[in-house]
Amino acid sequence: MVNAKINGIPVQVAEGTTILEAARKVNVRIPTLCYNDDLPPWAACGICIVKVEKNPKMLRACCTPIEEGMSVITHDPEIVQVRKTVIELILSTHPDDCLQCPRNGSCELQTLAAEFGVREQPFEKRLRDLPIDASTGSLILNPDKCVRCGRCVLVCQQMQNVWAIEFLGRGESTRIAPAADVKLAEGPCIKCGQCSAHCPVGAIYENDQTKEVWDALMKGGDDAKTCVVQIAPAVRVALGEEFGLEPGAVITKKIYAALRRLGFDRVFDTNFSADLTIMEEGTEFVKRFTDYAAGKDKGMLPLITSCCPAWVDYMEKYYDDMIPNFSTAKSPQQMMGAMIKTFWAEQAKVDPKKIYSVSIMPCTAKKWECGRNDDMWSSGEKDVDVVLTTRELARMIKQAGIDLVNLPEEEADSPLGPYTGAGTIFGTTGGVMEAALRSAYYLVTKEDLKDVNFTGVRGISGIKEARIHIKGIEVRVAVAHQMGNIAAVLEEVRKAKAEGKDVPWHFIEVMACRGGCIGGGGQPYGATDEVRQKRMAGLYTDDEKSTLRCSHHNPAIQYAYKEFLGEPNGHKAHELLHTSYKKLELYK
Amino acid sequence: MAVAQIEFSKELQSFVETWKDKPGNLIMILHRVQQEFSYIPREAAERLSRDLSMPLAKIYGVITFYHYFKTTKPGKYRMSICLGTACYLKGGQGLVDEAESILGIKGHEVTEDGLFSIDAVRCVGCCGLAPVLMVGDEVYGKLTKDQVPEIIAKYKSLG
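Chains A and B supply the protein sequences, listed in that same order. Quick note on the working numbering: the first sequence kicks off at 39 and runs consecutively. Quick note on the working numbering: the second sequence kicks off at 465 and runs consecutively.
Isolated chain A, as found in the complex:
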């Protein structure tokens, strides 16, 4: 342990603790801009400078370990003035259009400028006038707003191992861009949006499509469409944060009510189609596993989950040799889209051409997924017309003057609303695996599990492994989240295959974002591991409170198969609920 003083307050911390962390421990807040809890300190901005007694230099608190006997001063007039000057210098290269900026009200630079009482622009304004990149349809890169804090680059390269962006140039002309200055859509970007979730300013943000949705909702006369909406599992435990609730607060039924007030004609729940995904993917797993256990076709395992579109994109670019191992089941979003414009349209006697299908997702990649390939038009129409992120929905609710927190609760619409606890945990890392195992066990043994909790696959740890026994056969599973953690798992699979050995795992779940969808790129800003774990806990509470906790028990699912789909993995299910994959080039 190290004993030191911060502003005269004694502090005892473990060796290696930075001055910034030590200060937090004694409730001293040192301002930061480039620093982020998810990332190693980068020391780019210099706002966190502090003085240390007997040291003539000012030191950066984010990257300086506190030492035995150190006496740190975090705030005095000179320090505050230096920090203010740094902010003014950053502002001298930053556009002044705060009122029109997508980050107005959530911008970390704006907050700092306000806190430091910046009232003047003492430095000559030097804007760069670089082009905006909107090529992905999911994310907008506006390099003019960039403060070169480096968070997005670190996230993209170190957390996600995608390498879609890099610092190009040097010094004053440094900019964030893809290699060779290609457009984002022409490079390795997987649209996970973690850059946008970590950007402190309006330099990378989601493609806001709320206007399109407002237009559809407000349209009257012959052009009017029946507006149908679905909400993803992870939205219900995070949206509340935008309205002052704690992370993890489960407000599903208030969201249903708010969606109706926004003008949606039907409110469905992606949790229903998560249950449907389990039926399809679980059946697929059982089929492959049975063949494998019988010694036939060992190459079909491991089965790898495919609900995460950013992961699908990554796999097609970086691991196309795994295509045969990829579940052909569509994601819950796309299954719901297909069911809305076929099954529901048929039941409600609505022309699919007259349906406008919106989904609310924690994810920016979902915006891309709804047009990924021809399979996303399986109803004959575009199955999901437009995707909004949690942040965009929050904006719409605020614009509509809806008091979300105090809204009376409502139910989702049938027949695509009811869900089980297995559907709801899809929104967290480990959840798809746990839900699949609950049903796979039943599909193999025709018996239900006594205890449906698979705690081994839960939690924030980057790679999780578990073994379960089904009818005396051991099933080995692995769960990985945060794209940078995937290689360790898949390289082992590649190695085993190359050496002709038995595969290390039979079933692998992958989610691109840290914590799974609850930590998605379209979720409210400010996710830390603490926030992620609270959101996770919210989903597990929702699961525990559910009377039905296995997808195959969902009566709405049973009804859909009986009345419409036939058998899981059957002909109709294949037509509507499955897709295919192909190798993609990293650079077009």
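Each hint should be verified, as a subset may be incorrect.
Calculated pairs, DSBU-like style, for lysine-lysine (alpha carbon to alpha carbon, straight line, at most 30 Å) [as the list claims (entries may be wrong)]: (1) B:Lys522 / B:Lys534; (2) A:Lys533 / B:Lys486; (3) B:Lys554 / B:Lys570; (4) A:Lys334 / A:Lys291; (5) A:Lys626 / B:Lys618; (6) B:Lys554 / A:Lys355; (7) A:Lys610 / A:Lys535; (8) B:Lys522 / A:Lys621; (9) B:Lys620 / A:Lys621; (10) A:Lys257 / A:Lys95; (11) A:Lys620 / B:Lys522; (12) B:Lys609 / A:Lys221; (13) A:Lys355 / B:Lys534; (14) A:Lys63 / A:Lys89; (15) A:Lys533 / B:Lys484; (16) B:Lys534 / A:Lys221; (17) B:Lys618 / B:Lys570; (18) A:Lys163 / B:Lys570; (19) A:Lys263 / A:Lys291; (20) B:Lys484 / A:Lys535; (21) B:Lys537 / B:Lys620; (22) B:Lys537 / A:Lys535; (23) A:Lys509 / A:Lys600; (24) A:Lys626 / B:Lys474; (25) A:Lys533 / B:Lys522; (26) B:Lys620 / B:Lys609; (27) B:Lys534 / B:Lys618; (28) B:Lys484 / B:Lys534; (29) B:Lys620 / A:Lys355; (30) A:Lys626 / B:Lys522; (31) B:Lys620 / A:Lys221; (32) A:Lys163 / A:Lys355; (33) A:Lys221 / B:Lys570; (34) A:Lys533 / A:Lys502; (35) B:Lys537 / A:Lys626; (36) A:Lys610 / A:Lys325; (37) A:Lys355 / B:Lys484; (38) A:Lys95 / A:Lys63; (39) B:Lys484 / A:Lys626.
In case anyone wonders, no lab produced these hints; they're calculated from the structure.
With chain A fixed as given, assemble chain B onto it according to the hints.
Relative to the frame of chain A, chain B by itself:
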């Protein structure tokens, strides 16, 4: 990759092979590539990305960090005009302005006939000769700007 495979000379291939697994190899290899092509074509960077198992973004981070590396093909005669401290004080900028005005190009542009391009560079290591202009590997020192037309004319006549 969508971009066609670029040909590397045997020497370059064996150079890449030798340096492949050594730490700090990228800059060495980029130097060698630029020597072969006079700049770093995108196809060459993509090939290196594959050969070295290194993300293209990382390679471009390095290429664009150093002024020395070029991503566009320079002129046949690459004029490097020094703007290091000594040369700058002795009128280096005047040489740049003069050359740009004679050739009608700016920044990283190349003359239409493909003969000339201009790079403003930092210190070429012979401050005693300031201000210095180099054409390829030829050094011209202690220049005044009225000597620039003569130098350009000399290379123009070589074609």
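Going through the hints against the structure:
1. B:Lys522 / B:Lys534: holds (16 Å)
2. A:Lys533 / B:Lys486: holds (24 Å)
3. B:Lys554 / B:Lys570: Measuring from Cα to Cα gives roughly 22 Å; hence the hint holds.
4. A:Lys334 / A:Lys291: At roughly 47 Å apart (the allowed maximum being 30 Å), A:Lys291 and A:Lys334 break the hint.
5. A:Lys626 / B:Lys618: violated (43 Å)
6. B:Lys554 / A:Lys355: violated (53 Å)
7. A:Lys610 / A:Lys535: Violated. A:Lys610 to A:Lys535 sits at ~33 Å, over the 30 Å cutoff.
8. B:Lys522 / A:Lys621: holds (23 Å)
9. B:Lys620 / A:Lys621: violated (50 Å)
10. A:Lys257 / A:Lys95: violated (63 Å)
11. A:Lys620 / B:Lys522: holds (26 Å)
12. B:Lys609 / A:Lys221: violated (42 Å)
13. A:Lys355 / B:Lys534: holds (28 Å)
14. A:Lys63 / A:Lys89: At roughly 18 Å apart (the allowed maximum being 30 Å), A:Lys89 and A:Lys63 satisfy the hint.
15. A:Lys533 / B:Lys484: Holds. A:Lys533 to B:Lys484 sits at ~22 Å (cutoff 30 Å).
16. B:Lys534 / A:Lys221: holds (20 Å)
17. B:Lys618 / B:Lys570: Answer holds: B:Lys618 to B:Lys570 is near 21 Å, not above 30 Å.
18. A:Lys163 / B:Lys570: Holds, at roughly 24 Å.
19. A:Lys263 / A:Lys291: Between A:Lys263 and A:Lys291 the Cα gap is close to 24 Å, so the pair holds against 30 Å.
20. B:Lys484 / A:Lys535: It holds: about 26 Å lies between the C-alpha atoms, which stays within 30 Å.
21. B:Lys537 / B:Lys620: holds (18 Å)
22. B:Lys537 / A:Lys535: Violated - the C-alpha atoms of A:Lys535 and B:Lys537 are around 44 Å apart, more than 30 Å.
23. A:Lys509 / A:Lys600: holds (28 Å)
24. A:Lys626 / B:Lys474: This hinted pair holds, its Cα atoms lying about 28 Å apart.
25. A:Lys533 / B:Lys522: Given that 30 Å is the threshold and the Cα spacing comes to 26 Å, the pair holds.
26. B:Lys620 / B:Lys609: holds (18 Å)
27. B:Lys534 / B:Lys618: holds (25 Å)
28. B:Lys484 / B:Lys534: holds (22 Å)
29. B:Lys620 / A:Lys355: violated (48 Å)
30. A:Lys626 / B:Lys522: Holds, at about 18 Å.
31. B:Lys620 / A:Lys221: Between B:Lys620 and A:Lys221 the Cα gap is close to 38 Å, so the pair fails against 30 Å, i.e. violated.
32. A:Lys163 / A:Lys355: violated (41 Å)
33. A:Lys221 / B:Lys570: Holds: A:Lys221 and B:Lys570 sit about 25 Å apart, inside 30 Å.
34. A:Lys533 / A:Lys502: holds (19 Å)
35. B:Lys537 / A:Lys626: holds (21 Å)
36. A:Lys610 / A:Lys325: holds (18 Å)
37. A:Lys355 / B:Lys484: holds (24 Å)
38. A:Lys95 / A:Lys63: Holds: A:Lys95 and A:Lys63 sit about 24 Å apart, inside 30 Å.
39. B:Lys484 / A:Lys626: With Cα atoms ~26 Å apart, B:Lys484 and A:Lys626 stay inside 30 Å; holds.
When each numbered hint is compared with the structure, violations occur for hints 4, 5, 6, 7, 9, 10, 12, 22, 29, 31 and 32.
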